[in-house]
Each structure stands twice: as structure tokens, then as C-alpha cells.
Amino acid sequence: MRKDIFVLVEHRKGEIRDITFELLTKARNMVQTGGFVYAIVLAKNGDNFIEKLKSEAHRILCIENEKLEHFHSDYYQQVLGSIITDRKPLLTLFGQTSYTMDIAPSLAVQLDLPIVMGCIEFEIGDDKIFTINQVYGGKIHTRFSFPSKNGGIISIQPGTFTAEQGDLSAEIERITFSFEEITNKKFIQFVEAVAGEIDITQAEKIVAIGRGIKEKDNLQIIEDFAESIGAVVACSRPIVDAGWLPKERQVGSSGKTVKPKLYIALGISGDFQHLIGMRNADTIIAVNKDPNAPIFGIADYGIVDDLLKIVPALKKKIMEKCEARSA
Amino acid sequence: MNSIVCIKRVPDTTSATLKIDAENRKLDDGNLVFSINEADNYALEEALLLQEEFGGEITLISVGPKECDDIIRMGLAKGATRGIRITPDNLYKLDPYAIANLIAEQIKELEYDLIFTGCMANDDNFGQLGVTLAGLLNIPHISLAVKIQANEDYAIIDRELEGGLMEQFNIKFPAVITIQTGINEPRYASIFGIKRASKKEIRFVENISAQGIKVHTEKMYLPPPGDTAEIFTGNPEETAEKVYEILKTKGLI
Ligand SMILES: Cc1cc2nc3c(=O)[nH]c(=O)nc-3n(C[C@H](O)[C@H](O)[C@H](O)COP(=O)(O)OP(=O)(O)OC[C@H]3O[C@@H](n4cnc5c(N)ncnc54)[C@H](O)[C@@H]3O)c2cc1C
Ligand SMILES: Nc1ncnc2c1ncn2[C@@H]1O[C@H](COP(=O)(O)O)[C@@H](O)[C@H]1O
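Those protein sequence lines, which keep their order, are chains A and B. Just so we're aligned: 163 in this note's numbering is position 163 of the first sequence, and the numbers increase by one with no gaps anywhere. Just so we're aligned: 130 in this note's numbering is position 130 of the second sequence, and the numbers increase by one with no gaps anywhere.
Hints listed in this document are in silico derivations from the structure and should not be mistaken for laboratory results. Heads up, some of the hints might be wrong.
Taking beta-carbon pairs under 8 Å as the criterion, some of the chain B residues facing chain A (in silico) [unchecked claim]:
hint: 1; residue: His141
hint: 2; residue: Arg159
hint: 3; residue: Glu160
hint: 4; residue: Gly226
hint: 5; residue: Ala229
hint: 6; residue: Val243
hint: 7; residue: Tyr244
hint: 8; residue: Lys250
hint: 9; residue: Leu252
Since this is a predicted model, take the numbers as computed values, not measurements. Glycine residues also receive a C-beta, built at the ideal position from the N, C-alpha and C atoms.
Please work from the sequences and hints to get the whole structure.
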């Protein structure tokens with residue numbers, strides 16, 4: 001019977017990404033008696049990674065090759081396809097990341113395996129694997145299942161599980177693999193985002209706006225309010241997509257991660273990709289006209305109302321009080 | 001340059017109170033407003049831009065109920081050449097693998113250089129279909145594209161990673177590209193385009209059953225209430241007062 005859980009070690013520019021430790025922690029908690037947790041290291045040189053993973057898995061499988069210097073989904077797929085076929089794990093775990101979105105679906109096709117992407121939880125049943133996914137912007141949960149006899153692939157939202165230090169001492173196995181040359185897709189280079197004038201990661205107070213501000217013209221009201229409390233203005237992705245604020249103001253998985261003392265979220269629904277960038281703020285206040293908006297699940301304080309009414313009222317209140325204080 | 005664009009019809013659920021149907025398998029979507037999935041609208045625009053530059057045809061393809069014709073018509077009005085709507089009998093049981101199978105089957109006969117999909121559908125949040133399709137067709141793919149510089153038979157593409165970093169690839173056609181939001185500025189359909197679209201062809205594929213479903217929906221439910229924010233009630237003046245008190249107590253102003 002299949003029992004092992006494989007975790008793909010995700011690394012970029014020489015660093016193992018946090019999601020890997022989250023997945024390994026979860027895998028250790030889930031693996032059943034007789035099964036092993038495997039960390040799969042694909043790299044040009046794996047020594048550095050192995051060192052950091054020794055306590056985290058029962059076994060480390062390391063494949064080293066020039067071709068693995070940068071992430072390339074097709075080379076990754078060749079090796080993963082081969083080791084999953086040979087070693088028959090119960091589950092292969094990925095994080096729901098940009099690398100995974102580029103590899104897991106086609107790997108599943110190649111191996112003819114069931115796959116569920118973007119889960120927030122999973123369970124191992126007698127003959128089925130169950131997952132829980134957030135759908136419809138986090139307002140509904142779906143429970144999916146697939147038969148476990150041939151194994152399967154799951155990707156998990158980053159930040160769902162907390163990484164804990166493991167206390168294992170992994171057996172290390174290095175394998176060589178001969179790659180087929182890929183000629184139709186080539187990695188060229190990394191492209192860094194252009195740095196802007198304002199670094200929101202350094203801000204102590206942030207007023208963040210989402211699609212709920214409706215029109216670009218409403219930005220002025222927000223900027224006035226932010227200024228009145230000494231905050232910088234940040235935003236969710238749709239505001240950047242619309243070109244209303246520059247990319248460096250975006251909070252979330254494909255933007256910046258911030259940890260200010262105060263985060264005021266205005267007209268932001270609270271999708272996973274946004275929350276991951278701001279949930280460690282000390283105090284979170286959300287204004288949203290939808291009482292069911294997922295942002296209220298993470299905020300400390302909330303107001304269910306139209307932000308265009310609340311923001312001017314807030315600014316007025318703060319100006320009045322501050323004048324009264326200084327008078 | 002010929003392209004295929006996969007477009008999904010999804011409900012706008014951001015401000016709605018959602019209900020689940022009696023069998024707990026499906027969203028009760030009677031009063032919801034539907035439109036093209038956000039990322040797919042950018043994918044369509046990218047195909048239209050390439051069509052303007054290189055010529056060629058655009059085929060839109062959507063798997064869903066007959067109401068998908070609305071989003072297909074909108075795409076035809078913007079300049080796509082034809083549409084295909086696939087409505088299998090077991091529509092509400094499909095997983096991305098089964099959907100990709102249906103699409104792969106229908107485009108077998110078509111000539112294409114590029115297949116575009118959105119990077120993720122806003123209803124199921126999988127981010128899976130495009131790369132599944134590439135796997136089935138055995139052609140290369142790039143997901144999460146945020147910039148495309150195309151030539152006749154290859155493109156240089158920036159794909160988005162976490163934290164604002166990008167990585168650049170060179171990819172040969174035919175290929176699947178999944179498009180991230182913000183890559184371009186989607187156009188609106190013109191009145192002229194809308195008139196012209198009524199003469200364009202939509203092919204309907206019905207009375208079939210999707211094969212190869214690997215993942216089953218056990219149930220859908222409203223998430224259990226967790227910790228939620230302390231909600232301030234009252235008129236704006238009163239709620240503003242409460243927020244002010246919090247900010248002051250916490251030394252934030
Ligand atoms: C790979 C990937 C990466 C992503 N990265 C990011 C990221 O880094 N950051 C990010 O933010 N998103 C990211 N996204 C997008 C994310 O999935 C959501 O689409 C996005 O966060 C939604 O933004 P929003 O909350 O502003 O808009 P919506 O979800 O549309 O929410 C708007 C909210 O405003 C409320 N509202 C409307 N009118 C008013 C009003 N008058 N007053 C008060 N409230 C009002 C509505 O009730 C609703 O809750 C990413 C997506 C993908 C696929
Ligand atoms: N039923 C469908 N019909 C057409 N295209 C779809 C369908 N489902 C998903 N897609 C495409 O695949 C992308 C990713 O969807 P998903 O894997 O469901 O997140 C979407 O943005 C669409 O472009």
C-alpha cells in the first residue's frame with residue numbers, strides 16, 4: 001500500500017522558500033505509520049539545501065544537474081515523473097505557487113493522476129483522499145475527493161499551515177538522472193520589478209484600497225484621509241491592473257508583504273492572495289459593504305458600510321479631535 | 001497567427017450573499033450576475049493584439065451552460081472569428097482534467113499557434129486548466145504571463161513569480177500561455193462590432209458526456225464561522241468615533 005508523502009522543495013536564488021517548511025511540517029503530521037516523508041531536492045548543487053532539510057524529513061532525495069539551476073517546468077516534470085512512477089508515493093505535495101502552477105497540472109496529466117490545486121486542508125481516508133478548497137473568493141468551501149490507490153497530487157495555499165522545526169535526521173539519497181534536452185522552451189533571465197519611490201514594507205500605517213473604491217477619482221479622498229493619519233496608500237491587485245496605482249503599492253502574494261502597526265482595508269474582499277501579504281499587521285480595520293466579505297475573518301475591527309461615506313467621516317472626526325487636542 | 005482562447009463564464013460573488021443548492025453540490029446562482037472570468041478577458045485582449053499585429057483567426061471556446069453564448073458573443077464583437085460552446089450532460093461534475101479533455105477534443109482539427117487561457121478562474125481558484133491542456137496536447141506552456149513579445153513562431157514571455165519578481169522564457173509555437181490580469185488594457189466591444197458579431201458562427205457541442213473525471217465534489221458548504229472582527233455599528237459619524245477611539249487607545253494617532 002502507498003504510504004509515503006513527497007514534498008517538492010521549492011527554492012529560488014539559493015533560498016528554500018517558506019512554503020516548503022510549511023508542507024514538510026504538515027506532511028510529518030499526516031504521514032501514517034510505516035510511511036515516510038520525502039523532501040525532493042532538484043538543484044544544480046543540493047548540499048546547501050540538504051543541510052537545511054535534514055531535520056525536516058525522513059528521507060531526502062537529491063537530483064543534481066546543470067539543467068536544474070533555474071526552475072524549468074519541463075525539466076522538473078521529467079525528474080518528478082520518473083521518481084513518482086518508480087517510488088509510488090501516496091501523495092505528492094506542492095505549494096500553490098507560481099512554480100507549481102507551471103508544473104503540477106501537466107505532471108498530473110503525464111502520470112495520469114488525480115490532482116487538486118489550491119487546497120487549505122486535506123485528509124487521508126481508507127481508500128480516498130479528501131481536500132478542502134476555498135472557492136468563490138473564500139465565501140464557500142468545497143470538499144473534493146479522489147481514490148488513493150494510484151496516488152495523487154495536491155497543492156496547498158501558502159501560509160495555511162505553520163512551519164515547525166522537525167526533529168528527524170534524514171537519510172540522504174542522491175540519484176543521477178539523464179535529461180532529454182528541451183529545445184522549445186528556454187529560461188532567459190530573472191526580471192526584477194522596478195523600485196518605486198515609496199517602500200510600503202517600511203510603513204507603520206497603511207491605508208489600502210481595493211476594487212470597492214470603484215473609480216480612480218475616488219483616490220483623492222483616500223489620499224487625504226491617509227495623510228491625515230500619516231499613513232501611506234497601498235492597494236490590492238485590481239487597482240494596479242487598472243493602472244490607478246503603481247505596482248510597488250500592491251500588497252499580496254504577487255506584490256509586497258507588509259507588517260505595519262495599522263492596516264486599514266477599504267473595499268478589499270480579502271482573497272487568499274491579498275491576505276497573505278498583510279495578515280501579520282498588528283491592528284487591522286476593514287470597511288466593506290458586504291457583511292460576508294472574508295476580510296472580516298482576519299480583521300480586528302470592521303465596519304459594514306460604504307467606504308465613500310465612512311472615509312470622509314473618519315477624516316473629519318480625526319481632524320476635529322486633533323484640533324481639539326492641540327487647542 | 002491563429003489562436004484559441006478559452007473563456008469561462010463565472011458569477012460575480014464579491015458583494016453577494018451566497019446559497020448552496022439542495023444537494024450541496026453546487027452554488028445556487030439564480031440571482032447572480034455572470035460575466036467572462038477576469039483573467040480570460042485579458043487573455044482575449046492579448047489574442048486580439050496579436051491578431052492586429054500578425055493577422056490570423058481567433059477561436060473562442062467555452063465549456064458551460066448555454067448562457068455561455070453571451071460571453072462568446074462579446075468576444076466575437078471585439079474581433080474574434082468564431083466560437084465553440086461545449087455543454088456536456090454532466091456539466092456540474094467536471095474537474096479541470098475533464099474540461100481540458102473536452103477542449104482538446106474540439107480543437108484537434110483546428111490550426112493554431114497559440115492557446116490562451118486565464119491563469120486562474122475566480123470561481124474555483126484552481127489555476128490548473130491551461131497547463132493541463134498543454135499536457136494533454138503535449139505542447140510547451142508558460143503560465144502567469146505578464147508580458148509577451150511575439151514573433152512569427154516564438155515569443156519572449158515574462159511570467160510572474162511571488163513578490164513582484166519575474167522570470168523570462170523563450171517559447172516556440174504551438175504553445176499554451178496562461179495570462180495574468182493586468183497584462184494589457186482590455187477593450188470594450190463597439191456597436192459596430194456587436195452588429196457584426198451576430199453574423200459570426202458559434203458551434204454548439206451538446207449531447208455528449210465528459211470523460212476522465214478524476215476528482216469528485218463531495219459537498220459545498222458555507223465556511224464555519226471563525227474568529228471575526230468586532231463590528232462597529234451605527235451611522236458613519238458614530239462608527240468614525242469608535243475607530244478614532246481605537247486609534248487613540250493604541251497610540252496610532
Ligand atoms: C497568481 C495570483 C496572484 C495574485 N496576487 C495578488 C496580490 O498580490 N494582491 C492582491 O490583492 N490580489 C492578488 N491576486 C488577485 C486576487 O485573487 C483577487 O482577485 C484580488 O485580491 C481582489 O481584489 P479586491 O479585494 O480589491 O477586489 P474584489 O474581490 O472585487 O472585492 C471588492 C470588495 O469591495 C467591496 N465593495 C464594493 N463597493 C464598496 C463600497 N462602496 N464600500 C465598501 N466596500 C465596497 C465588495 O463588497 C468587495 O468585497 C492574485 C491572483 C492570482 C491568480
Ligand atoms: N469551463 C471552462 N470553459 C472554458 N475555459 C475554461 C473553463 N474552465 C477554465 N477555463 C480556462 O482555464 C483558466 C483557468 O481555470 P481554472 O483552472 O479553473 O482556475 C480560466 O481562466 C479559463 O481561461
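Verification of the hints:
Evaluation of the B:His141 hint against chain A yields a held restraint, the C-beta minimum of about 7 Å falling below 8 Å. With a cut of 8 Å, the hint placing B:Arg159 at the interface with chain A holds, because the nearest CB-to-CB distance is about 7 Å. Annotation: interface hint on B:Glu160 holds; nearest CB of chain A at approximately 6 Å, less than 8 Å. Annotation: interface hint on B:Gly226 holds; nearest CB of chain A at approximately 6 Å, less than 8 Å.
At about 4 Å, the closest approach between the beta carbon of B:Ala229 and any beta carbon in chain A falls short of 8 Å, and the interface hint on this residue holds. Residue-level restraint check for B:Val243 holds (minimum Cβ-Cβ distance to chain A is 6 Å; threshold 8 Å). For B:Tyr244, the interface hint holds, the least distance from its beta-carbon to any beta-carbon of chain A being 5 Å, beneath 8 Å. Hint status for B:Lys250: holds, given a least beta-carbon distance of 6 Å to chain A, under 8 Å.
Interface restraint check: B:Leu252 against chain A, minimum CB-CB distance 5 Å, threshold 8 Å, status holds.
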